[in-house]
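As they're listed, the protein sequences go chains A and B. Using UniProt numbering, read the first sequence as starting at 1 and increasing by one per residue. Using UniProt numbering, read the second sequence as starting at 1 and increasing by one per residue.
Among the clues, some could well be false.
[Said to hold, decoys possible] The calculated lysine-lysine pairs, modelled on DSS-like cross-linking and capped at a C-alpha distance of 30 angstroms, are:
id, chain 1, residue 1, chain 2, residue 2
1, A, 79, B, 232
2, B, 307, B, 196
3, B, 307, A, 79
4, B, 260, B, 232
5, B, 184, A, 79
6, A, 79, B, 204
7, B, 307, B, 371
8, B, 196, A, 59
9, B, 541, B, 526
[Stated by the list, open to error] To give a feel for the contact side, a few chain A residues facing chain B, derived at Cβ under 8 angstroms:
id, residue
10, 76
11, 86
12, 88
13, 114
Keep in mind the hints are simulated off the structure, nothing from the lab. Where a beta carbon is used, it is the ideal one built from N, C-alpha and C, also for glycine.
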Amino acid sequence: MNQPASAYFIEERHDPNETHTLAVLVQNEPGVLARVIGLFSGRGYNIESLTVSETEAQKHLSRITIVTTGTPMVIAQIKHQLDRMIPVYQVVDMTQTKRSIERELAMVKVRGQGEHRVEALRLADAFRARVIDATTESFVFEITGNTDKINQFIDLMRPLGLVEVSRTGVAAIGRGPEGM
Amino acid sequence: MSDKSHDPNQMTGAAMIVRALIDHGVTDIFGYPGGAVLPIYDEIFQQSEVQHILVRHEQGAGHAAEGYARSTGKPGVALVTSGPGATNMVTPLTDALMDSIPLVCISGQVPTHLIGNDAFQECDTVGITRPCTKHNWLVRDVNDLAKVLHEAFYVATTGRPGPVLVDVPKDVQFATGTYHPPRKSDVHRSYAPRVKGDATQIRKAVSLLAGAKRPVIYSGGGVINSGPEATKLLRELVEVTGFPITSTLMGLGAYPASGKNWLGMLGMHGTYEANMTMHDCDVMLCVGARFDDRITGRVDAFSPGSKKIHIDIDPSSINKNIRVDVPIIGDCANILGDILQVFKAEAKKPDIKSWWQQIAQWRARNSLYYKKSNDVILPQHAIQSLFQATRGKDTYITTEVGQHQMWAAQFFGFEEPHRWMTSGGLGTMGYGLPAAVGVQVAHPNSLVIDIAGDASVQMTMQEMSTAVQYELPIKIFILNNQYMGMVRQWQQLLHGNRLSHSYSEALPDFVKLAEAYGAVGLQVTKPADLDGAITEMIAVKRPVLFDCRVAALENCFPMIPSGKAHNEMLLPEQANDEATAKAFAGGKALV
Ligand SMILES: Cc1ncc(C[n+]2csc(CCOP(=O)(O)OP(=O)(O)O)c2C)c(N)n1
Ligand SMILES: [Mg+2]
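Between the sequences and the hints, there should be enough to build the whole structure, so can you do that?
If you want it as structure tokens, here you go:
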């Protein structure tokens, strides 16, 4: 094994990466989001998308939904590292349960005239995007769906005069009557 | 409305802090005053239940608290002011996090209305210490203070122990509120570390152990953290199974070094027999250790043929570096107890005679061999002499970081847990002297020795002054090789012998330095004088700086070179230039 002079064992791992959506139920208290984000930056984990909001005000519970990528070993580490934080109640791997629904909302601003404008409207209709603002030369579309669908819509808007996108990040929930 | 002035639970935040310390059985704390903690110091002044040890630098307070904690099994407590007081605590907090030491740090903060204003001696203490504590709190309301303090002690000492910090703004220390004694509801409902092991996993583990032909037990600091019961059960398990046992740097003393199944420490500077046993075993039982990179060597060649059982209280330690077959999450005392019970009921001692024969052959390589000299003291010999001189005495050892630390681990035999305090995970030079201060505070009548290096000891030397003030007779045994020996060793092995800044130029005269502090200085240069000088050091009932001049160029072997596996160790007799060059191939040109 050839490696530079080092006090560490330098090794590359070749396991393929996976993308997982994690739902993290936390006590809503000052600093809790910083703890979670700090864990990801400090340990070099990826965050593809992050959504946070209080979900049960009386119980001071917030739900953080994180989309992350890593090898299976890293994903398992991320879950354990999250779970051992003091204010974390529960970590559910929505991808592993395979029975979850994921949604994202995006607002997409498109500017153009003539054919482009007509085409944008037609595609928006096909994607069930709604017009929530309009001028004679622009639209703002609101679209919900899974990440792929939104990416696809944005790609289609690009040649038609895409100006700006604002996305919420992913929210996820399990199917069926049971809670988390 | 009731008259609150007669309610004994009405008090200031500062008073609550002292009251909470008393309620948690704290008798000694280590600290340094400043503007943002003066109300607390005022309370400390007016009572006598909690003794405050004034250190000379906040890092010293942190390491002293660590030494106190490691040698007693109780949490260590440090008190520091805002800003620089808090930032000086970052190293000990990180050290305690890496080595799972229960530490409670209370820091002062600027008044709440000034937070965020860049006020004098303000820093974002909870932000800075978030990644180096198990948990931390900023208390903005005096009525939350009691709850937070109780939770802090609970979090520090339960589950996988670790450091916590409570940041208390000055106005909260002055404000009056209601105190309550510790109660269950003080703790986050989301915090519930698992202690009991899963019964199915325990059965799987026993059946692996019972069927083992080439077993090994590899234990770590978790066994010591778990408490005396875990140590007792570990020893019993070794007895009942007849298995060989090795341990990490942090785990030394859980199984006695004089025990007949003891293989010595494993890892980068572990013994040949320990590492070969790990490499060739068919069943490995890892108890309270974490497959750290100094232990495993090259990960993809780590113990390739074995089934691995891993007992750990922290689920995130499982499968982090090494994939294991039977993980068991929980407290190791609990789980070892369960394993023993099932083993005794359903299994019998496996016949591993031929495995022991193999181990005897590895042992015969005598991997800790070194060549004694009549002219110059060999550092290994110095540790052996120290060990002999302290046998039968009530001794505690701390260390700094470097070659001397590894030699101490190799040549000093530990018979009991809590007797060995060293900075393992973080490798903090400057840990040992203040840690010895903390150990001596906890054990005033014991012999406390810091096995030190000439470079490390200068990092926290100022705590000699603390030792003198409190009449703590710590012994600082400096293996003075006039080098940052461990750095030099790596430069020799990996950087073409270019000894860049690893020579200890302009060393102080340690004897005069000791005298300047009001301590005792001793120096020895000849092997013939060593034993006498050690006896003298032990006899002195005052702090001692012992300048033990040792062979400057001695290196620490055996060694697993980087990128190599356990069975590719470099042994002392092979460590000539040519063999070393080969072992480190891929590195730069060698001597
Ligand atoms: C605070 C800190 N800085 C740097 C290092 C890197 N380091 C590891 S060992 C060592 C040299 C230690 O020298 P000494 O205390 O004389 O011990 P020796 O190896 O000579 O026994 C250094 C600089 C460290 N571990 N800790
Ligand atoms: Mg040295």
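Hint check against the structure, violated hint numbers in rising order: Checked against the structure, the hints that fail are numbers 1, 7, 13, while the rest are satisfied.
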